[in-house]
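Build out the structure end to end from the sequences listed, making use of the hints.
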Amino acid sequence: MPSSNRYDVTDWPVGNPAKDVGEVINSIIADIKARQSAADVDNGGKPGAVIYLPPGDYHLRTQVLVDVSFLRIEGSGHGFTSSSIRFNVPPQEWPDLHELWPGGSRIINDLPAGEGSGGAAFLVERSGSPRISSVEFASFCIDGLHFTADGSGLPAENTYVNGKTGIHVASANDSFRVVDMGFVYLENALTIHKADALSVHHNFIAECGSCIELRGWGQASKITDNLVGAGPRGHSIYAENHGGLLVTANNVFPRGSSCVRFHGVTRSSITNNRLHSFYPGMVLLEANSSENLVATNHFLRDHEPWTPFQGVDNGLDDLTGLVSIIGSGNTVTANHFSLVIDSGTIRPAGAVPVIIRLQEGTGNYVSSNHTVAKDVDATGSDSCFEAQVDALLATEAAAGLTVTTVQVDAASAGNTILDSGTESQVAADRAANAVRATPAVGF
754 MPSSNRYDVT DWPVGNPAKD VGEVINSIIA DIKARQSAAD VDNGGKPGAV
804 IYLPPGDYHL RTQVLVDVSF LRIEGSGHGF TSSSIRFNVP PQEWPDLHEL
854 WPGGSRIIND LPAGEGSGGA AFLVERSGSP RISSVEFASF CIDGLHFTAD
904 GSGLPAENTY VNGKTGIHVA SANDSFRVVD MGFVYLENAL TIHKADALSV
954 HHNFIAECGS CIELRGWGQA SKITDNLVGA GPRGHSIYAE NHGGLLVTAN
1004 NVFPRGSSCV RFHGVTRSSI TNNRLHSFYP GMVLLEANSS ENLVATNHFL
1054 RDHEPWTPFQ GVDNGLDDLT GLVSIIGSGN TVTANHFSLV IDSGTIRPAG
1104 AVPVIIRLQE GTGNYVSSNH TVAKDVDATG SDSCFEAQVD ALLATEAAAG
1154 LTVTTVQVDA ASAGNTILDS GTESQVAADR AANAVRATPA VGF
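The opening position of the sequence shown corresponds to residue 754 in my numbering, with each subsequent residue numbered one higher.
These aren't lab readings, by the way, just hints derived from the structure by calculation.
The model shown is predicted, which means the values in this text are computed figures rather than measured ones.
A portion of the hints provided could be inaccurate.
[Unchecked claim] Below, a list of computed lysine-lysine pairs in the PhoX-like style, where the Cα atoms sit at most 25 Å apart:
no.	residue 1	residue 2
1	LYS786	LYS799
2	LYS772	LYS799
3	LYS947	LYS799
Structure below.
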């Protein structure tokens, strides 16, 4: 029996990691608990361990239960590659593709679809005190393999539905880290409840129904430097009842229902992100999300250029706003907004699209935001990569598009709006809000 606190799944005598790595990892965790049974030995006692996944494919048919602190499960590469592109290429072209599946240290979630944590490759759960702490997932890929038909009429591989989760943390936790990971083709990539001092950093989480979800409540956590992209009915980044959350330097891809969604989140920051969406409602502050900072982000809202997903949306119309706020005391400053759409697709027809909308609350501060709005002809292509790049790089002359840069609803008052739109672009009751318009050229 190994006595080291570093384990290699390919060297462990129990189970076959290629056939069921879940059985192997659970056996290793049982060994860690058996060997590290004393809570206090010479001012120590339970140092934890590292479980290593060498590069390779590992099917998981038994859910892993992580119920020990100080455990790091690591591989040698996140292995992400686009399964969506592959599944939308005609099958007759597959033999010419260099690779068909994600790679690196890759765990294939072969669990049956399950509600809640039932379909999670990794379930982290422990009762009692103290909270489970310092569990780390690093540098490997979790792949859901296939999506399934859901009655929507979309091809099965484009539904983002399969009942599978990558990592589900069900218990209150402290100082967890999810770093350098790859998640692909999972209905829920990462769901974490009751997080304290969590770090979700430098991961590639895309082509999942929902990517990062912080549930329950939490504090002092960060979501930083990730590449993220969810499906049209899911969340790219979602947090509820959190305080002191830092969402910074993420590159959020289009197609998610929202880029960042805060529900009852206070005194947190959304800063220095690149946010891209095919729909309105890119950043949603709701359920009295208050005293948050939304600053120096780049917003791009344009059209879906890839043929397989054209006609799919998140159900919100253009009056929603790219940023929509229900809450008080928030600051929205120094953001750049690019709205590049076909005026013929605006919903409701004939409406003036809204950039920033204050729906409810008081004392919000909106300052020095810049909007570029263009009316373009929407086009499509069967090539995902080329269509997306062409759309991003197209800045040729286009007609200007009339927009409302800031709209303040009657349920929101006592706000300050400075230099974020010309007099005609800011729709607000001047008697109930302080407004200083951006000077118009030639005024």
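Okay, the hints, checked on the actual structure:
1. LYS786 / LYS799: Given that 25 Å is the threshold and the Cα spacing comes to 9 Å, the pair holds.
2. LYS772 / LYS799: Distance ~30 Å between LYS772 and LYS799 Cα, so the pair is violated.
3. LYS947 / LYS799: Roughly 23 Å separates the two Cα atoms, so the pair holds.
Figure legend: structure checked against the earlier numbered hints; the only hint not met is number 2.
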